[in-house]
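Participant: Take a look at the letters that make up each chain.
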Amino acid sequence: MIELQEVSKTFPGAGAPAVKRVSLQVKSGEICALVGPSGCGKTTILRMINRLVEPSSGSVFIEGRDIMKANPDHLRRGIGYVIQQIGLLPHRTVEENVALVPRLLKWPEGRIKERIEELLEKVGLDTEEVRKKYPYQLSGGQMQRIGVARALAVDPPVMLMDEPFGAVDPIVRLRLQDEFLKLQQSFKKTICFVTHDMDEAMKMGDKIAIMNGGFLVQHGTPREILAQPANSFVQDLVGEDRGVKLLDLVRVETLMLPRETGTANGRSVQALDSAKKALEVMLEHNVDGVTVCREKQVVGILTWETIKTYVHQAGSEAGG
Amino acid sequence: MDSQLFLDTLLQRSPPHILEHARLVLVPLGLAVLLAFPIGVFLTRPQYRRYAGRVMAVLNAGQTVPPLAVIAVFLPFLGLGFRPAVIALTIYALLPIARNTIAGISSVSEDVKEAARGMGMTPWEVFTQVELLLGLPVIMVGIKTSAVLTVGTAVLAALVGGRGMGAVIFAGINFFRPELILAGTLIIGLMAIILERLLTLAEWFILPRHLR
Ligand SMILES: Nc1ncnc2c1ncn2[C@@H]1O[C@H](COP(=O)(O)OP(=O)(O)OP(=O)(O)O)[C@@H](O)[C@H]1O
Ligand SMILES: [Mg+2]
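Keeping their order, the protein sequence lines are chains A and B. Note that the working numbering numbers the first sequence so that position 61 is 1522, with each residue one more than the last. Note that the working numbering numbers the second sequence so that position 177 is 199, with each residue one more than the last.
By construction, these hints were calculated from the structure, which means they are not laboratory data. These numbers come from a predicted model, not from an experiment. Treat each hint with caution, since some may be false.
What the hints assert, rightly or not - Pairs of lysine-lysine residues, derived as BS3-like cross-links and limited to a Cα-Cα distance of at most 25 Å, are as follows:
#1 A:K1664 <-> A:K1593
#2 B:K135 <-> A:K1530
#3 A:K1650 <-> A:K1583
#4 A:K1769 <-> B:K135
#5 A:K1594 <-> A:K1567
#6 A:K1567 <-> A:K1664
#7 B:K135 <-> A:K1593
#8 A:K1737 <-> A:K1668
#9 A:K1567 <-> B:K135
#10 A:K1738 <-> A:K1664
#11 A:K1664 <-> A:K1488
#12 A:K1530 <-> A:K1643
Just chain B, with the same shape it has in the complex:
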């Protein structure tokens, strides 16, 4: 084990890749939230609720396919680089968010919703002021799960030329340099922790006081 190489990797070789990796996580995560959250909300509306089972089955199936296979499927259409990696990672991040959005909103008790409606709140007011706020903790768990998942999975982007921290780790694998693997993994672990903490902080600001 060459500690100088380890430190060099950590401090000099990795930083540009950290930024690439952050992009590979934040872009798919953002897209996944934009897609999966509305899907989840729609599937809790009375008129669409009956489709929830089928949509979730599709998303569940998507989750069981290994991420590498998802990337491989898109290779012929999208070629190599950042874009196919983002698409594969987005698909991968959808399920936990959609599932927890549905679970969170459905967990709000019927009595509370009935009371809110009975007091004369409009459907929109019931949704934003009651269902969403009370479901938020569970929804946020889904987003955090996807975030941590994506930080790890995004390593594979390097295999299709999407760069990121995967570039460091796979270099270590190809050239038998455990220092690179170790340093890369360490950074990814830290990134996952930091992202999770940041999201928890954001949640704290949005949540009503007693749910914190």
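Excised from the complex, chain A in its bound form:
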């Protein structure tokens, strides 16, 4: 668990604080997506968690321990860190970059070699193809994968990821997000994930922490944020289409009316698809409902009425 208590940071010479009295908890095994406009203090918060920046006031605890009591270099070796600009060492090969922290921790070479192979494979790279290459010989996507592999090297329970997929095109980004979420299902790491893209935050975050001008504006699950934006800033960030986004967060099987019998005539969607997918199918084919299947087996139906009611209820929770 990562816990920030009333943390503030004023950089020397700066007029206003970059981070103002932020309190935040990231539970074990959860991803907290830190989102907000450029310059709102996201990177500063991450850097206060691994002591690259010392808080002006307040405290930070990792697994209940005050980080100010730890040796900063040892602390950092135990926290996976993916920096915003990737920051691979240009004079080291891919495998040397990935081996950085294991070497600092004096792992035996045999174990390091095994670990490198395992990691490169996990992040979806061809070990033999890339291990001897230098960073300048890699594509942006490959570099970001290696940035992630390097952070995972000693299997740290806590990870700080600063726009880890920021420097690639949208298609590669979607793939990296999916792959990472899949890894996280088994890793169950405690992660602070910075992004300035609300869609990415919705997708990656178990919780979302929205920042603006150094303040923490709202902290909650994606659904809470969509359903009850704390103020107009959050509302703007979430966008006009928050109803649709809510549907993206819920599976068809959750909303459908179960129906054991019948055939999949007309249009159908899969039970594990998002409700947004079902809506798209309805709109595209101008129908009022779709059949829900699990593989080929019909399990229910989802109607336009149900979707409308769901969005309306979720949206009005804010009022109530």
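Let chain A serve as the given structure and place chain B with the ligands on it in line with the hints.
Facilitator: Relative to the frame of chain A, chain B with the ligands by itself:
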């Protein structure tokens, strides 16, 4: 032009002076590296960085004074001979080394240093394994510049009794023997080239593979 005299100068008269000259180059160069490199490193540390401008201004000023004047300034204190020549040449060699040390280390990108620190490298590890290695090519350019500069400037040492190849060249000037001047200049040129090549070779061995 007396080709016999030219050859005699080249092959018999000069060799002892070549060794003297080598000493007049290597000693000041070594001293300059020992002084200017740490100065350069200190001036890139966050806590001393603000002095960099002032120190470099002093070193720059030192560079604009003609070497002969530097030697003349030290004449009353140190007299004639090898030592004052070495001191003047050392002062002269400081600037390119200090300047390139600062430039080389500062050229290492903040992202890379932040990543190295963020992975848990100690400040010393960041300095030796990242900043120094990545800055080395630029630092070496400074050392090579100073080396070549010193090979030429060391000719003036002969004027204060410091000997070296200057003794041959100034003899040629005093006795109107162009053969001596020509032979002396040729040797100095060769020395400069050889020294530069040797330093490049040394650099090749220290540098990480992909920077070569
Ligand atoms: N080392 C520093 N010294 C002085 N000011 C700093 C320093 N680092 C950050 N700041 C300032 O603190 C504020 C917050 O910066 P920060 O890097 O945390 O923003 P961010 O939310 O990560 O932005 P981005 O999305 O652009 O990365 C900015 O105004 C920035 O100028
Ligand atoms: Mg940032």
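Participant: Hint by hint, note whether the structure agrees.
Facilitator: Tested hints:
no.	hint	verdict
1	A:K1664 <-> A:K1593	violated (34 Å)
2	B:K135 <-> A:K1530	holds (24 Å)
3	A:K1650 <-> A:K1583	holds (15 Å)
4	A:K1769 <-> B:K135	violated (52 Å)
5	A:K1594 <-> A:K1567	holds (23 Å)
6	A:K1567 <-> A:K1664	violated (37 Å)
7	B:K135 <-> A:K1593	holds (22 Å)
8	A:K1737 <-> A:K1668	holds (21 Å)
9	A:K1567 <-> B:K135	holds (21 Å)
10	A:K1738 <-> A:K1664	holds (15 Å)
11	A:K1664 <-> A:K1488	holds (18 Å)
12	A:K1530 <-> A:K1643	violated (34 Å)
The earlier numbered hints that this structure contradicts are 1, 4, 6 and 12.
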